[in-house]
Amino acid sequence: MRTKYRDLPIQIKMTIVYVAISVVVLAVNLTLLLSINSVLKRLEMTYQDNLNLNEITLALDEVQNAMTEYLNVKTTDALENYYKSDENYRSKINDLESTVSSSIYTRMERNIKYMSEEYLTEVSQTIEAKRGRNVEKYRIGYEKATELYDYIGSYIASLNGQQFIENSQTFVLLSRDLRITENVSVFIMILVIITNILVILQYSSQITRPLKTLAISADEVAKGNFDIELTPAESKDEVGVVTSAFNQMVISIRDYIERIKESMENERRHKETELMMETHLKDAQIKYLQAQINPHFLFNSLNAGAQLAMMEEADRTYEYIQNMSEFFRYNLKKADSIITLREEIELVDHYIFIINVRFSGDVKFQKDIDEELIQASIPSMILQPIVENCVNHGIREMAGEGVITLKVFKIMDSICISIKDNGKGMTQETIDKLLNGTYRDDGLSMDSNGIGMDNVINRLRLFLGQDDIITITSEGENKGTEVRIYLPLGDGEV
Amino acid sequence: MKGEGTFKKRFFVAVYAIIFILTVLVAFRFITIYFFGNPKAANPVIYDKYYVMISDNHQSGYWKSVYEGACEYGMEKNVFVEDLASSFSSELSKEELMRIAIASRVDGIIVSADDSEELTELINEANMQGIPVVTMYNDAPNSNRISYVGVDNYNIGKEYGRQAVNVARGIYAETQEDINVVVLVDQIPSSDQMMIYSSVQETFEADGLSSKLRLSMVKIDSTNAFSVEETIRDLFISDDIPAIIICLSELDTTCVYQAVIDYNKVGLISILGYYDSDSILQGISRNIINSTIKIDAVQMGQYCVDALVEYDNAGFTSQYFSVDFEVINSYNVATYMEETNEN
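These protein sequence lines map, in sequence, to chains W and A. Just so you know, we're using our numbering here: the first sequence kicks off at 1 and counts up by one. Just so you know, we're using our numbering here: the second sequence kicks off at 495 and counts up by one.
Bear in mind the hints are in silico, worked out from the structure with no lab data behind them. Since the model is a prediction, treat every value here as computed from it, not as a measurement. Among the hints, erroneous ones may be present.
[What the hints assert, rightly or not] Facing chain W, a subset of chain A residues (Cβ under 10 Å, in silico):
1) Val507
2) Ile512
3) Val520
4) Tyr544
5) Ser598
6) Val600
7) Ile682
[Said to hold, decoys possible] Listed next, the in silico DSSO-like pairs over lysine-lysine satisfying Cα-Cα at most 30 Å (straight line):
8) A:Lys588 x A:Lys706
9) W:Lys144 x A:Lys588
10) W:Lys479 x W:Lys367
11) W:Lys407 x W:Lys420
12) W:Lys144 x A:Lys706
13) A:Lys543 x W:Lys92
14) W:Lys137 x A:Lys588
By construction, the Cβ of each residue, glycine as well, lies at the ideal position given by its N, Cα and C atoms.
Hey, can you work out the whole structure from these sequences and the hints?
Structure below.
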C-alpha cells in the first residue's frame with residue numbers, strides 16, 4: 001500500500017493529500033458545528049418549561065372565566081366556551097408528570113395535574129348545578145372551584161418562579177458553555193490548521209525534495225562538474241523518471257568524455273613516437289655522415305693534396321684542392337655560429353669553383369655586391385645551401401648555360417640578398433610548401449652538404465625573430481627562381 | 495532504503511496527527527455533551543408513595559430537622575415526603591395546605607395539628623378521601639387521624655417544673671420574695687400546652703416552695719407573622735416582669751432570649767427554653783438561657799413516616815408514638831454544641 005502510494009503520479013498524490021486534509025477539516029468543522037448547535041438548541045429549550053406553564057395558566061384562566069361567565073349569563077356561547085376551554089385545559093395537563101420523583105418539578109407538576117382534575121370535576125359539577133338551577137349547590141361549587149383555582153394558580157406561579165430561577169441559572173451556564181465551546185472551537189481550528197500545515201509541508205517536501213536534489217545536480221552538471229554524487233530515484237513517479245533519465249545521461253556523458261580522453265592520449269602518444277622516430281633517423285643520418293668523413297682528417301688530407309699539386313706544379317689541381325680545403329675548413333670552423341655576409345659569399349665562391357670544376361664550367365656565377373653591406377651578421381651555412389639548391393634543382397636539369405646571380409643591395413632599411421638562377425623554376429605549390437616548412441626531401445642527395453631549404457628558412461626565421469624575411473619567386477617553368485633574403489640594417493654592417 | 499525509512503516515518507507522523515485531531519474532537523464532543531449536559535437531564539428517582547408534611551413553621555430549625563428526619567427515612571422506605579409549604583412562594587395557612595394536599599391526592603399527610611374545628615374537619619375529609627393523616631407535635635384528638643406522634647407532654651411539664659423549682663430556690667434564697675413563673679402559650683392553648691402547664695403546676699404543688707411560686711399563662715398572639723415577638727416585648731415593659739419564663743416553642747425561646755438582652759434583664763430573668771437551635775445553645779453557653787428541652791426532631795419525622803407506611807401496609811398502626819426528649823443546660827451544652835458543629 002505504502003510503496004504503491006510512492007509510485008503514484010504527482011497529481012494523484014497531491015489530490016490525495018488535498019482530499020485527506022479537506023476531509024479532516026470538514027469533519028472538524030462538522031463536529032464543532034454540531035457541538036455549538038446542541039448548546040444552542042439547549043439554550044432555546046431553556047425557557048420552554050416556563051412557556052408551557054404560562055400556556056397552562058392561560059388555559060386555566062379560560063376555564064375559570066368560562067365558568068364564571070356561564071354562571072353569570074348562562075348562554076349557549078358561554079357553555080360552548082366552557083366545553084372548549086375544559087377540553088383545552090385537559091389536553092394541556094395531560095402532558096404533566098404524574099409520577100412521584102426526587103425532582104421537585106415533577107412532584108409539583110403531579111400535584112398541579114391532580115388538583116386540576118379535581119378542579120375540573122368541581123367546575124363540571126358546578127355547571128351541572130347551574131343547569132339544574134340548584135342555586136345553593138352551584139354557589140358552593142363555585143366557591144370550592146375558585147378556591148382550587150387560586151391554589152392551582154399559586155402552585156403554577158411557584159413552579160414557574162422556581163423553574164425560572166433554575167432556568168436562568170441553566171441559561172447562564174449554557175451561555176458560558178457556548179462561550180467555552182466557541183473558544184475551544186477556535187483553539188481546535190488553530191490546532192487543525194497547524195497540523196494540516198505540518199502535514200502539507202511534510203508531503204510537499206516529499207514531492208519536491210527529489211526535484212531539488214535533481215536541480216542541484218543539474219546545476220553542477222551545467223557548470224561542467226560531472227563528478228557529482230548521483231541520487232537514486234526514490235519513486236517511480238514523474239520526478240523519479242526524470243531523475244533516472246538524468247542519472248543515465250550523466251553516466252553516458254562521463255563515458256563519452258572518458259573515451260575522447262583516451263583517444264586523444266593515444267594520438268598524442270602516436271605523434272610522440274613519430275617525432276622520436278624522425279629525430280632518431282636524423283640522428284642516425286648525421287652519425288652516419290660524421291662516421292663517413294672526419295672533417296679534420298679530410299681537411300688535412302686535402303691540404304696535403306694541395307701541397308702535392310703545388311710541388312708537381314699542377315696549378316689548377318692545386319687551386320681546386322685549395323678551394324675544397326677552404327670549403328671544408330669553413331664547415332669545420334663556422335658551423336652553427338654567426339658570421340659575416342662576406343664569409344658567406346666567400347663560401348659560395350668556393351662552392352661555385354668546385355662545382356664548375358666538377359661540371360666543366362657549366363655554371364656562370366655573377367656577383368653584384370654593395371661592399372658596404374657585406375659586414376652584416378648572418379647565421380652560417382645560409383647562402384651556400386640556397387646556391388646548392390639552385391645548382392641541383394635549377395640548373396643541373398636544364399639544357400644550356402646556367403647562370404646564378406648573387407646580388408647584395410640596400411632596399412629601404414633592409415639588406416636584400418638576392419640569389420637568382422635561370423633554371424627550370426618552381427611551381428607555386430612547391431614554393432608554398434617550402435615557405436610553410438611542409439616540404440619534405442625524399443632524402444639526402446649524394447651531392448648535398450646535408451642542409452635543406454627548410455633548415456635554412458627555419459634558422460633564418462629563428463635568428464631574426466621574423467617570418468617574412470625570405471621570399472621565393474618563380475615566373476614559371478624554365479624561367480628560373482629568385483630567392484631573396486631580407487636582413488635588417490643593424491649594428492653588423494658598416 | 496534511507497528514503498523508505500523517512501517515508502515510513504513521515505507517513506506515520508501524518509497518521510498520528512490525524513488520529514490526534516480526531517481524538518481531540520471526540521473528547522471535545524464528550525465534554526460538551528456530558529459535562530455541560532442539561533442539569534434536568536439527570537435521571538430522577540421514582541418513589542412509590544407521596545406524603546406531605548404540613549408544619550407550624552417550615553422555616554424554623556426544629557421543623558426543618560423533623561422534615562429532614564422524615565424525608566431521609568422516607569427515602570429508605572421508597573416514599574417521598576414533601577414539605578408542602580416550601581413548594582409555594584407565598585405563605586399559606588395549614589388549612590389551605592391541607593386542602594391543597596387533599597386536592598393533590600397525596601398518599602398521606604403529616605400535620606402538626608391543633609384543636610381547631612376546621613383542621614379537624616379537614617383531617618376527617620382527607621380520611622374520607624382515603625388519605626391517612628398523622629398528627630405530630632400537637633394532636634387533633636377529635637379527628638380521624640390514624641396516629642399521633644409527639645412528646646410526652648406530662649413528663650416535659652414535670653421537667654420544666656423541676657427546672658423552675660431549682661431556679662426559684664436560688665432566687666428565693668436571695669430575695670425572699672414571691673416568684674413569678676410564666677408559661678408562654680398560644681392564644682388558644684392547645685391540649686398539649688395545657689398538659690404541660692398542668693404538669694408544671696403539679697410539680698410546683700408537690701414542692702414545698704409552692705406557696706412562693708406564682709404560676710401563670712401568658713397568651714402569645716400568633717395570628718400573624720410578627721405578633722409573637724411583639725407580644726413577648728410587651729411582657730418586658732409591663733410592671734410585673736416574671737422571674738422565670740417557660741417557653742414552649744423555638745420561636746418563643748429565641749424571642750425571649752433576645753428581649754432579655756435588649757432590655758438588659760440578663761440574670762434577672764431565667765429562661766427555660768425549647769429546642770436546641772444554634773442561638774439557643776449559644777444562649778445557654780452564655781448563661782442567659784438556663785436550660786432547654788431538646789426534642790428528638792429526627793425521631794419525630796421518622797415515627798410519622800413509620801406510622802403512615804405501617805398503615806399503608808397493614809391497614810392499622812399505633813395511635814400514639816412517643817418521641818424522646820433531653821434537657822440541655824450549662825453543664826452539658828458544650829457536648830451539644832460540638833455535635834451541632836460536627837453536623
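Now for the hints, and whether the structure bears them out:
1. Val507: holds (6 Å)
2. Ile512: Holds, because the Cβ-Cβ distance from A:Ile512 to chain W comes to roughly 6 Å (cut-off 10 Å).
3. Val520: holds (8 Å)
4. Tyr544: At about 4 Å, which falls below the 10 Å cut-off, the nearest Cβ of chain W leaves the hint on A:Tyr544 intact, so it holds.
5. Ser598: Holds, because the Cβ-Cβ distance from A:Ser598 to chain W comes to roughly 4 Å (cut-off 10 Å).
6. Val600: holds (8 Å)
7. Ile682: With a minimum Cβ separation of about 24 Å from chain W (threshold 10 Å), the hint on A:Ile682 is violated.
8. A:Lys588 x A:Lys706: Since the Cα atoms of A:Lys588 and A:Lys706 sit roughly 41 Å apart, the hinted pair is violated (cutoff 30 Å).
9. W:Lys144 x A:Lys588: holds (17 Å)
10. W:Lys479 x W:Lys367: Given that 30 Å is the threshold and the Cα spacing comes to 19 Å, the pair holds.
11. W:Lys407 x W:Lys420: holds (8 Å)
12. W:Lys144 x A:Lys706: violated (55 Å)
13. A:Lys543 x W:Lys92: With Cα atoms ~25 Å apart, A:Lys543 and W:Lys92 stay inside 30 Å; holds.
14. W:Lys137 x A:Lys588: holds (26 Å)
Violated hints, in rising order: 7, 8 and 12; the structure is consistent with all others.
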